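Student: One letter stands for each residue in the lines below.
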Amino acid sequence: MKDVFISADTIISPLGFTSETNVSEITQDHSGITLHNNIATSPCYASIIDNRKLDKAFSKFGNAKAYTKLEKMMILSLQNTIFKATFSISDKTVLIIATTKGNIDALNNDFDAERAYLPVLAGKIKEFFSFKTEPIIVSNACVSGVLAIAVAKRFIQNEYYDNAFVVGGDIVSEFTISGFQSFQAISEIPCKPFSKDRSGISIGEAAASVAISNINTEKEAIQIIGDGSCNDANHISGPSRTGEGLYLSILSALKEAKLEPQNIDYVSAHGTATAFNDEMEAIAFNRAKLEHVPLNSLKGYYGHTLGASGLLETIIGMHSIKNNRLYSSLGFDELGVSMPLNIIKNITKTKVNTFLKTSSGFGGCNTAVLFKKVNL
Amino acid sequence: MSKKLNILSYCKIKDDKISLNGKVIYQDHSNDLKSFFKNCYKNLGIEYSKFFKMDNLSKLGFLASEILFKDLNLDSSIKGNVGIVLSNKSASLDTDRKYQETINDKDNYFPSPAVFVYTLANIMIGEISIRHQIKGENAFFVSEKFNETLLEQYASSLIQNEKSSHVLCGWVDVDNDKYDAFMYLVTEEESQNYSKEIIKKLYKEN
Numbered sequence: 001m002k003d004v005f006i007s008a009d010t011i012i013s014p015l016g017f018t019s020e021t022n023v024s025e026i027t028q029d030h031s032g033i034t035l036h037n038n039i040a041t042s043p044c045y046a047s048i049i050d051n052r053k054l055d056k057a058f059s060k061f062g063n064a065k066a067y068t069k070l071e072k073m074m075i076l077s078l079q080n081t082i083f084k085a086t087f088s089i090s091d092k093t094v095l096i097i098a099t100t101k102g103n104i105d106a107l108n109n110d111f112d113a114e115r116a117y118l119p120v121l122a123g124k125i126k127e128f129f130s131f132k133t134e135p136i137i138v139s140n141a142c143v144s145g146v147l148a149i150a151v152a153k154r155f156i157q158n159e160y161y162d163n164a165f166v167v168g169g170d171i172v173s174e175f176t177i178s179g180f181q182s183f184q185a186i187s188e189i190p191c192k193p194f195s196k197d198r199s200g201i202s203i204g205e206a207a208a209s210v211a212i213s214n215i216n217t218e219k220e221a222i223q224i225i226g227d228g229s230c231n232d233a234n235h236i237s238g239p240s241r242t243g244e245g246l247y248l249s250i251l252s253a254l255k256e257a258k259l260e261p262q263n264i265d266y267v268s269a270h271g272t273a274t275a276f277n278d279e280m281e282a283i284a285f286n287r288a289k290l291e292h293v294p295l296n297s298l299k300g301y302y303g304h305t306l307g308a309s310g311l312l313e314t315i316i317g318m319h320s321i322k323n324n325r326l327y328s329s330l331g332f333d334e335l336g337v338s339m340p341l342n343i344i345k346n347i348t349k350t351k352v353n354t355f356l357k358t359s360s361g362f363g364g365c366n367t368a369v370l371f372k373k374v375n376l
Numbered sequence: 001m002s003k004k005l006n007i008l009s010y011c012k013i014k015d016d017k018i019s020l021n022g023k024v025i026y027q028d029h030s031n032d033l034k035s036f037f038k039n040c041y042k043n044l045g046i047e048y049s050k051f052f053k054m055d056n057l058s059k060l061g062f063l064a065s066e067i068l069f070k071d072l073n074l075d076s077s078i079k080g081n082v083g084i085v086l087s088n089k090s091a092s093l094d095t096d097r098k099y100q101e102t103i104n105d106k107d108n109y110f111p112s113p114a115v116f117v118y119t120l121a122n123i124m125i126g127e128i129s130i131r132h133q134i135k136g137e138n139a140f141f142v143s144e145k146f147n148e149t150l151l152e153q154y155a156s157s158l159i160q161n162e163k164s165s166h167v168l169c170g171w172v173d174v175d176n177d178k179y180d181a182f183m184y185l186v187t188e189e190e191s192q193n194y195s196k197e198i199i200k201k202l203y204k205e206n
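In the order they appear, the protein sequences are chains A and G. Read the first sequence against our numbering and you will find it ends at 376, with the numbers running on by one and no gaps. Read the second sequence against our numbering and you will find it ends at 206, with the numbers running on by one and no gaps.
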């Protein structure tokens with residue numbers, strides 16, 4: 001089977017419109033989460049991209065009025081990633097789109113309601129960049145972003161495609177905010193993953209994209225070496241009490257990569273900051289013997305960006321490898337889960353060769369993907 | 001050495017009719033998906049009270065998977081690791097629209113977690129996994145129309161990469177009053193009988 005490498009990357013978030021500006025902002029502990037008065041029935045903390053800034057950046061490439069906010073975010077992200085990639089779009093290139101809710105705001109705004117169909121969204125992106133093959137859309141709740149990386153890896157490994165551009169994105173909408181509020185899952189303060197006084201999630205919006213290929217041209221490359229996406233088979237909305245699906249996903253990824261838990265330098269966790277999710281992750285990481293590995297959740301910087309989160313957080317992990325730096329788990333103070341975890345409190349300079357990215361979501365879904373630095 | 005794959009069983013639910021491996025096993029004239037799904041549940045002798053809490057998409061996917069698992073009667077150790085790869089066109093839009101109605105009017109605002117949770121198409125995979133205690137690989141894809149190439153390639157990659165020994169694949173779509181389900185189980189066998197052409201032929205047959 002072919003080796004698969006991940007390279008060019010772009011994050012579009014309230015913290016900036018390139019991965020580099022995003023990394024620089026999180027290095028300074030800046031968060032995109034602020035109080036918003038007009039996105040829900042009551043004031044609510046969320047991480048939201050400024051529409052004027054987005055339109056200004058987008059208008060260099062296209063008509064900002066012709067595209068929805070999510071489409072603009074995804075196109076801007078891909079524009080830069082495609083520009084930076086060492087390959088160009090061919091008939092062996094696949095576009096993979098990860099989103100949880102897509103243009104859900106089209107059910108209640110000036111755009112045609114048809115725009116809420118995910119294939120319509122995908123069609124807009126395909127057309128913009130003239131992709132030659134049918135886009136693949138992954139919509140698997142909050143694991144969509146990282147699952148899309150695993151999907152790209154499998155398609156390239158098995159030689160169905162030579163390379164892929166993967167983009168993930170979701171917006172903050174009244175739809176998702178009201179839904180999480182109905183679950184009483186939204187925090188009244190910016191979210192505090194894994195902390196004792198955590199009280200729920202903050203929602204965020206972002207788009208993130210990467211280039212994935214069977215050929216690597218960089219001296220220091222990052223290879224995708226294992227993955228797993230297993231179900232809890234326990235509850236459609238509640239995290240498993242035993243962390244079963246996440247644990248099985250991690251085992252599956254480790255087995256494929258032929259690695260032991262002690263070979264992992266860093267865990268980029270999901271860490272939504274709900275009481276049950278973070279507890280579930282702590283149990284799964286302990287079952288997988290990863291409790292000593294430095295770990296963070298990046299939700300304190302971005303909020304929960306749903307289908308974008310796994311991809312965005314993978315990109316930060318890639319920059320941890322490149323910069324030999326582990327970024328702090330913003331919002332964390334005192335450990336508030338029943339099992340030990342090695343949460344990164346301050347930015348740390350250290351060699352990072354191998355990292356694990358995990359996500360979990362409604363429907364009992366979980367995904368774990370392993371990445372490794374290779375020197376060619 | 002690449003493994004040889006074969007479809008063990010397939011099921012279709014459409015136009016008030018259920019067929020299993022090409023033979024009609026239930027039919028009525030409900031003309032309404034809600035009553036049809038309820039009649040299917042009764043006539044197939046299923047006992048699973050959670051069924052009535054599900055949205056229409058999960059009900060449809062659940063019914064198709066019940067028929068296949070009953071037909072195949074897999075050993076629980078095999079069943080526990082089945083991969084589930086489902087797809088459709090409308091994701092969860094059918095339920096999304098119903099949820100949106102609960103938040104459109106600020107004077108009549110009643111968002112419900114019981115509805116919101118079904119605004120994700122992969123909840124259907126969760127429901128099937130819970131029912132049969134399946135902790136295998138999961139993925140939910142969305143495409144403009146039935147995409148046999150995607151199903152063929154992804155299920156093959158799961159089996160070739162030894163992530164799954166058996167994969168439950170299919171298309172389950174509900175959009176307003178239209179519904180269409182096609183589901184099959186594929187595994188490694190001595191002879192190859194699995195290709196995008198075969199999948200498409202089975203999906204198209206009446």
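Since the hints were derived computationally from the structure, they do not count as laboratory data. Please read these numbers as outputs of a predicted model, since none were measured by experiment. Be careful, since some hints might not be right.
What the hints assert, rightly or not - One side only, chain A facing chain G, incomplete, derived with CB under 7 Å:
hint, residue
1, Ser139
2, Phe183
3, Asn231
4, Ala233
5, Pro294
Virtual Cβ for every residue (Gly too), placed ideally from N, Cα, C.
Student: Take the hints in turn and mark each one as holding or not.
Tutor: Hint check:
| no. | hint | result |
| --- | --- | --- |
| 1 | Ser139 | 5 Å, holds |
| 2 | Phe183 | 5 Å, holds |
| 3 | Asn231 | 4 Å, holds |
| 4 | Ala233 | 4 Å, holds |
| 5 | Pro294 | 28 Å, violated |
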